[in-house]
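Visitor: Protein chains in written order, with my numbering: chain C, 2 to 359; chain X, 37 to 544.
Think of the hints as simulated: they come from the structure by calculation, not from any bench.
Derived SDA-like pairs: lysine to any residue, alpha-carbon spacing no greater than 25 angstroms straight-line: (1) Lys382/X to Tyr246/C; (2) Lys402/X to Ile218/C; (3) Lys402/X to Asp359/X; (4) Lys382/X to Arg298/C; (5) Lys382/X to Phe86/C; (6) Lys129/X to Pro14/C; (7) Lys115/X to Pro7/C; (8) Lys415/X to Thr224/C; (9) Lys353/C to Ser98/X; (10) Lys430/X to Pro14/C; (11) Lys414/X to Thr224/C; (12) Lys238/X to Met87/X; (13) Lys353/C to Asn439/X; (14) Lys248/C to Arg401/X; (15) Lys145/C to Gly347/X; (16) Lys415/X to Thr223/C; (17) Lys414/X to Gly243/C; (18) Lys382/X to Thr223/C; (19) Lys430/X to Asn15/C; (20) Lys430/X to Ser17/C; (21) Lys322/C to Ile34/C; (22) Lys415/X to Asn439/X; (23) Lys129/X to Tyr352/C; (24) Lys107/X to Phe8/C; (25) Lys414/X to Ile218/C; (26) Lys402/X to Ile251/C; (27) Lys382/X to Ser144/C; (28) Lys402/X to Gly243/C; (29) Lys382/X to Pro225/C; (30) Lys145/C to Asn305/X; (31) Lys402/X to Thr224/C; (32) Lys353/C to Gln95/X; (33) Lys115/X to Glu12/C; (34) Lys248/C to Leu360/X; (35) Lys353/C to Ala431/X; (36) Lys145/C to Arg366/X; (37) Lys353/C to Leu93/X; (38) Lys145/C to Asp306/X; (39) Lys145/C to Leu345/X; (40) Lys402/X to Ser245/C.
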Amino acid sequence: MKEYLPFEISERPNPSGWVIITVSLLALLSAFIAASFVFWAYGTNPISAYTALFDGAFGGVYELLETIRRAIPLLLAGVGLVIAFKAQFWNIGAEGQLLLGTIAATWVALFSPVPEPLMVPAMFFFGFLAGSLWALVPAVLKSKLGINDVITTLMMNYIAINLVLFLVQGPWKGEKQWGFPYSDNFPDGAQLGTIGSSNVHWLTLVIGLVAALLIYILINRTTPGYEIRVLGSNPSAGRFAGMSYVKTSIMVMFISGGMAGMAGVGEIAGVHHMLRNPSELSLGYGYTAIIVAWLARKNPLAVILTAFFFGAIFSGGDALKVSLGLPFQITDVFNGLILFFLIGSEILMNYKIEWRRS
Amino acid sequence: MNQKTTPIIRFDSIVKRFPDVVANDEVSFSVEEGTVHSLLGENGAGKTTLMKVLYGLYQKNSGTIYLKGEKTDIVSPMKAIELGIGMVHQHFKLVSNHTVIENIALGLTDVSMTRPTRQIERKLIELAGKYGLDVEPRAKIWQLSAGEKQRAEILRALYRGAEILILDEPTSVLTPGETERLFNVLEEMVTGGKTVIFITHKLDEVMKISDQVTVLREGRVIDTLATASTNKRELSKKMVGREVLFDLERDPCNRGEDVLEVEGLTTYNDKGVIAVNDLSFTVCEGEILGVAGVAGNGQRELSEVLTGLRGATSGKVVINGKDLTNATPRRIADERVAHVPEDRIKQGIVGELTLNDNAILKSYRKRPFSRGIFLDYKKVREWTENLIEEFNVKAPGTDTPANLLSGGNIQKLILGREVSSNPRLIIASHPTYGLDVGSAEQIRNLLLKQREDGVAVLLISENLTEITSLSDRIAVLFEGNLMGMVERDQATREEIGMMMAGTPLEQL
Numbered sequence: 002m003k004e005y006l007p008f009e010i011s012e013r014p015n016p017s018g019w020v021i022i023t024v025s026l027l028a029l030l031s032a033f034i035a036a037s038f039v040f041w042a043y044g045t046n047p048i049s050a051y052t053a054l055f056d057g058a059f060g061g062v063y064e065l066l067e068t069i070r071r072a073i074p075l076l077l078a079g080v081g082l083v084i085a086f087k088a089q090f091w092n093i094g095a096e097g098q099l100l101l102g103t104i105a106a107t108w109v110a111l112f113s114p115v116p117e118p119l120m121v122p123a124m125f126f127f128g129f130l131a132g133s134l135w136a137l138v139p140a141v142l143k144s145k146l147g148i149n150d151v152i153t154t155l156m157m158n159y160i161a162i163n164l165v166l167f168l169v170q171g172p173w174k175g176e177k178q179w180g181f182p183y184s185d186n187f188p189d190g191a192q193l194g195t196i197g198s199s200n201v202h203w204l205t206l207v208i209g210l211v212a213a214l215l216i217y218i219l220i221n222r223t224t225p226g227y228e229i230r231v232l233g234s235n236p237s238a239g240r241f242a243g244m245s246y247v248k249t250s251i252m253v254m255f256i257s258g259g260m261a262g263m264a265g266v267g268e269i270a271g272v273h274h275m276l277r278n279p280s281e282l283s284l285g286y287g288y289t290a291i292i293v294a295w296l297a298r299k300n301p302l303a304v305i306l307t308a309f310f311f312g313a314i315f316s317g318g319d320a321l322k323v324s325l326g327l328p329f330q331i332t333d334v335f336n337g338l339i340l341f342f343l344i345g346s347e348i349l350m351n352y353k354i355e356w357r358r359s
Numbered sequence: 037m038n039q040k041t042t043p044i045i046r047f048d049s050i051v052k053r054f055p056d057v058v059a060n061d062e063v064s065f066s067v068e069e070g071t072v073h074s075l076l077g078e079n080g081a082g083k084t085t086l087m088k089v090l091y092g093l094y095q096k097n098s099g100t101i102y103l104k105g106e107k108t109d110i111v112s113p114m115k116a117i118e119l120g121i122g123m124v125h126q127h128f129k130l131v132s133n134h135t136v137i138e139n140i141a142l143g144l145t146d147v148s149m150t151r152p153t154r155q156i157e158r159k160l161i162e163l164a165g166k167y168g169l170d171v172e173p174r175a176k177i178w179q180l181s182a183g184e185k186q187r188a189e190i191l192r193a194l195y196r197g198a199e200i201l202i203l204d205e206p207t208s209v210l211t212p213g214e215t216e217r218l219f220n221v222l223e224e225m226v227t228g229g230k231t232v233i234f235i236t237h238k239l240d241e242v243m244k245i246s247d248q249v250t251v252l253r254e255g256r257v258i259d260t261l262a263t264a265s266t267n268k269r270e271l272s273k274k275m276v277g278r279e280v281l282f283d284l285e286r287d288p289c290n291r292g293e294d295v296l297e298v299e300g301l302t303t304y305n306d307k308g309v310i311a312v313n314d315l316s317f318t319v320c321e322g323e324i325l326g327v328a329g330v331a332g333n334g335q336r337e338l339s340e341v342l343t344g345l346r347g348a349t350s351g352k353v354v355i356n357g358k359d360l361t362n363a364t365p366r367r368i369a370d371e372r373v374a375h376v377p378e379d380r381i382k383q384g385i386v387g388e389l390t391l392n393d394n395a396i397l398k399s400y401r402k403r404p405f406s407r408g409i410f411l412d413y414k415k416v417r418e419w420t421e422n423l424i425e426e427f428n429v430k431a432p433g434t435d436t437p438a439n440l441l442s443g444g445n446i447q448k449l450i451l452g453r454e455v456s457s458n459p460r461l462i463i464a465s466h467p468t469y470g471l472d473v474g475s476a477e478q479i480r481n482l483l484l485k486q487r488e489d490g491v492a493v494l495l496i497s498e499n500l501t502e503i504t505s506l507s508d509r510i511a512v513l514f515e516g517n518l519m520g521m522v523e524r525d526q527a528t529r530e531e532i533g534m535m536m537a538g539t540p541l542e543q544l
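Pulled out of the complex, with its shape left as it was, chain C reads as follows (with noise of 0.2 angstroms):
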């Protein structure tokens, strides 16, 4: 806007679909650019750095499927995170609801009058649920009684965390795993099929896949939808028309955390069939899946591509730390530097920069 600059700024009240998916693109690569720096900084050359990562993510079927699977739990907990953001509530907590989501699936397999064959069904029904409760506390402690809702929801991770610790070196330990802080085996009805020989737990994906649908109808094509929309965007004009802020927000935090409690059962039910420690169970699936859900500038049905993207990040962050011999926080180094160039780039969107004519 001054006039010694060479360009000029003004606003861009709302931002084209083109232009959202350029200034997102943009970020990724700055993130990109800005890895690379680390890579040299251990003295690996970041375009072989690059190349196996892409390697590692995409190389062959295998390599495939392996970002597929890290790619459920997150599309999951993205899409629900997605109606969370939708209606400005920040639930930082999809990590604690997903891990709730594994106890309560640990529940239904092993100590539940559940007969088998209706185990699986039980486990996600139960494992919604404990995530919908987990995040119904923060839910009503803000629109109750106004306290903020990043703080409380990142809180009730700890205590997620700290809680699965309990059961597994406490009263859950498996009586047949050696002393090791694991629940017992899950029976074979709790365990979900996969895909061939490969990890990916297909009935998670399609479940996963619809809800990233149903969740988009439900936002664009219905009234509680419509009212999340509104609250979300305007509060005191939803108030105005006679809607409950209370109402939307339990519902959302409801579905939130309910889509994370099921990305927990996905992982404990699919790949791990046990209780066992926290940051073994997630990964971080729950953080990563609010970059996740960033990215898809809060649309459901881009989730599914953004889910994809870092799922591939995940797999491609395995083969560094193999063949290149990297430490395995290089993962959390990528989700990092991604996040920080994607909040930067907002701005980006809602201003235009044109270069002065001379």
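We have chain C already, so just place chain X on it with the hints.
Guide: Chain X only, in chain C's frame:
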């Protein structure tokens, strides 16, 4: 004043363009040192834009500003402050959780490291005494009245050494008494050699306070004249570009049964102070009841209680014969009560959503827009298209986000939406505030049309001309109390003005 001195400010062919509009088009005029210079014009005439250019908030596209004869580039507000220019914005820029002193300290660089408040307070008290600007320096901003906040803003500008003070619509938030006080301060400042630029659209104020007046219309300077050699009639003609018709065509009032009955209504504002005190009145079919008063005298709280957004502590609200005291907004809206809110951007629309979504804000749960939980956007679109056409909303299409529309078009959309719900009662808060003449006239005619169709209308407005030309009866609020209620043809503007300033009708 006749001697030829160099003017303190000279605008030479200033042009400021925005994407869709030329806000200032070759603006040229001069301001003399030690005078009050009014900038008169309707909303959207380009007054504020020009002053933001002078204060360095906007950069002009072309033209030159001369300060004391010297060509000056004002690239930022910091530069403006350095040059001795201060601005008091229409919407105060104060941090409400901080004290007056802390607000003045913001951005200061030459304060001592130890006990800076002491130093500022001393100078503040000295300045306040000199110009009659008394404000409690240690009070938090949120505790202050509008007048006190304004004084704090003026003090901040003076503290930073302002020689030229720009005031943007300073009286719009003041009571008549506070306005009087502000004018005394301005006179004091001019006597002390300072220059004041006073943005307004109120003719009385121009005549009362200023030495010179520049009239702007559609971004152009129409004329600059000495106030002593002009009159209100001439100025209003220059400002509007035509003779102003203060009377709208209207049929005589056909009063039907009572639609809204309010009895002994009392409520508190957000700070826990009584905002509406023991108010009783009725509005009946086919009548417009105007509520006059300076902003902040309980109007907002009144409209909020009537629409269910605020609780009443005592009293009764009866609509269509049903007791709806403290009912929910939805319950009240279902009783066919339409509401044109005070803050149309914050309450009336959802800016990021499309016109389709905004058109059904009140009716999205009803047929034909929804069946069960599903919305039928085909029906919604048809409805929105009709609304846009019928109420003359200028928009590229119904998928346009609402925040791309101008204020007048947003208001037409809101009014259209509310009116189309076939209401029995319309509560309209400041329906034409900030609109251009054309849109305002359309909105007023719409309200009159509703009245003729037998709708009860409660019109809350600060604009006395609007109140007197539209209302059948006029109620005046002062500090939440009803000062009096007069029939349209029995009211004089003077009487209403006295009541607005706090004199009850019986004492007139």
